[in-house]
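**Q** Residues per chain are reported as follows:
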Amino acid sequence: MNDRWTLAALTGVGLSLAPMQAATAQVPPATEALVRATAQPATGLALARRQIAAGDLTLAMATLERVILAQPEAGEARLLHAGLLCRLDDRQGSLVELDVLRGRDFPPALWREATEPCEADRVPPRTGE
Amino acid sequence: MTLPVFAPRPVAAACLAIGMTLSLAAAAFGLAAPAVVGTVAAVLNEVRIKALGMGQLRPAAIRQRLALGDQVQTGARSHMQALLLDRSAFTVGPNSRLTIDRFVYDPSGGSFSATVAKGALRFISGGRGGAGGRSIATPVATIGIRGTIVDAVVGENAIAIARGEREVGASAGGDPATASLIVLRGPGPRAQGEVTPGAITVTAAGRSIDLDRPMQAVYVPGPGAAPIGPFELSLPGQARINDLILPPVAARPTETMPYPQPPSSDRYRRRYPPPGLIDGPDQPARGPDVANPRIPIIIPEEHDQAPGGGNDDPPVD
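Those sequence lines, one after another, are chains G and V. Using this note's numbering, read the first sequence as starting at 1 and increasing by one per residue. Using this note's numbering, read the second sequence as starting at 130 and increasing by one per residue.
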């Protein structure tokens with residue numbers, strides 16, 4: 001008899017908590033992993049490079065923006081972001097971001113990685129000045 | 130089965146009655162907790178969330194669930210990114226207010242509608258593009274999205290940036306609370322990878338304008354005003370929007386660079402000064418592009434990591 005009333009009590013508690021269930025629903029683990037990976041610039045950059053290599057360019061853009069928000073001075077993320085815009089055919093946007101980054105200390109290989117996607121369209125550097 | 134806990138009859142009856150009442154009331158009045166639509170993916174400085182039907186704004190934290198109807202607000206010098214279940218993302222700039230009004234989850238590209246009441250944001254379509262209907266509303270325009278990246282600025286900054294555009298004009302008007310500037314960022318037709326070119330349709334005052342190339346923009350000055358555009362956003366205009374959506378890059382000296390100067394567009398360098406935020410009276414517009422005077426943008430100069438802002442997560446994976 002007591003079991004029956006205990007079950008009734010638990011059912012009541014469960015019903016009262018039911019409306020809250022949706023709020024605690026799980027975000028897909030893959031989405032959680034995307035967020036966790038960008039907590040640190042190094043893992044975020046690695047994720048973005050994997051996404052670029054896989055052709056998931058818009059996902060890579062969102063990834064790099066998370067890295068930049070986590071660390072606004074993450075120059076490598078900003079450089080990769082600028083290069084990614086070029087891959088997405090936003091060449092003016094890429095130019096704007098590269099211009100802001102000019103003057104920072106980046107290894108040449110990193111610059112090449114960022115600027116090669118727009119190599120064909122780039123205005124050649126001046127000579128003789 | 131024997132349960133370890135026994136409830137006296139009156140207590141159990143009360144629990145059952147209360148539970149049923151709450152559950153029925155929630156169903157009857159739509160009080161059930163809204164569905165989760167995504168998660169807070171990045172936080173910089175002051176970001177707060179007000180749940181649907183709740184009066185209080187609470188500080189946002191990374192990996193906090195975002196539910197339908199949640200209102201996200203960013204403070205000065207503050208940014209956030211919301212990652213939706215279909216991996217679409219909103220990157221939100223300072224002094225912004227965003228609400229996800231509708232969301233239907235589909236791993237290949239869900240459908241949703243969102244509202245940006247003020248501020249600046251960038252929407253980045255998740256994955257390789259879905260077919261679901263997606264739209265973003267500003268106070269004066271609706272943006273129909275077809276697998277794309279789009280920037281939207283609402284308020285005084287929209288007016289300031291639009292006035293720097295030749296096609297809008299420095300004397301153009303605008304409602305400081307609702308004026309909206311909308312820019313398609315891509316992907317363009319020459320995008321690499323398995324990316325579908327994006328497009329948007331901006332509708333305001335009964336008129337619709339299609340944008341299908343990166344940097345095409347539309348400006349809507351205010352309620353009932355006809356949209357102006359499409360026009361190609363200038364490089365300074367884009368620089369200003371970038372500085373609203375992402376934290377501005379701090380200026381760095383160039384004299385001591387150990388590496389060679391990277392290749393650059395000197396044409397752009399000559400025409401425009403490096404993108405800054407505010408020019409003082411002793412810094413007149415430089416270069417030949419007098420139609421694009423540098424216009425102050427209402428954003429801060431520096432960013433501080435908020436204590437406990439949620440960016441101190443340990444590395445995972």
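Please keep in mind that the hints were generated in silico from the structure rather than gathered at the bench. Be aware that one or more of the hints could be misleading.
Stated by the list, open to error - The following label-pair restraints were derived from C-beta to C-beta distances:
id : chain 1 : residue 1 : chain 2 : residue 2 : range
1  : V       : G335      : G       : T43       : 18 to 28 angstroms
2  : V       : G184      : G       : A109      : 18 to 28 angstroms
3  : V       : S300      : G       : T43       : 48 to 58 angstroms
4  : G       : Q26       : V       : R295      : 44 to 54 angstroms
5  : G       : A53       : V       : R319      : 36 to 46 angstroms
6  : G       : R50       : V       : G298      : 25 to 35 angstroms
We treat Cβ as the ideally placed atom computed from N, Cα and C, and that holds for glycine.
**Q** Okay, which hints does this one fail, numbers in order?
**A** Hints 1, 2, 5 and 6 are the ones this structure does not satisfy, whereas the remaining hints hold.
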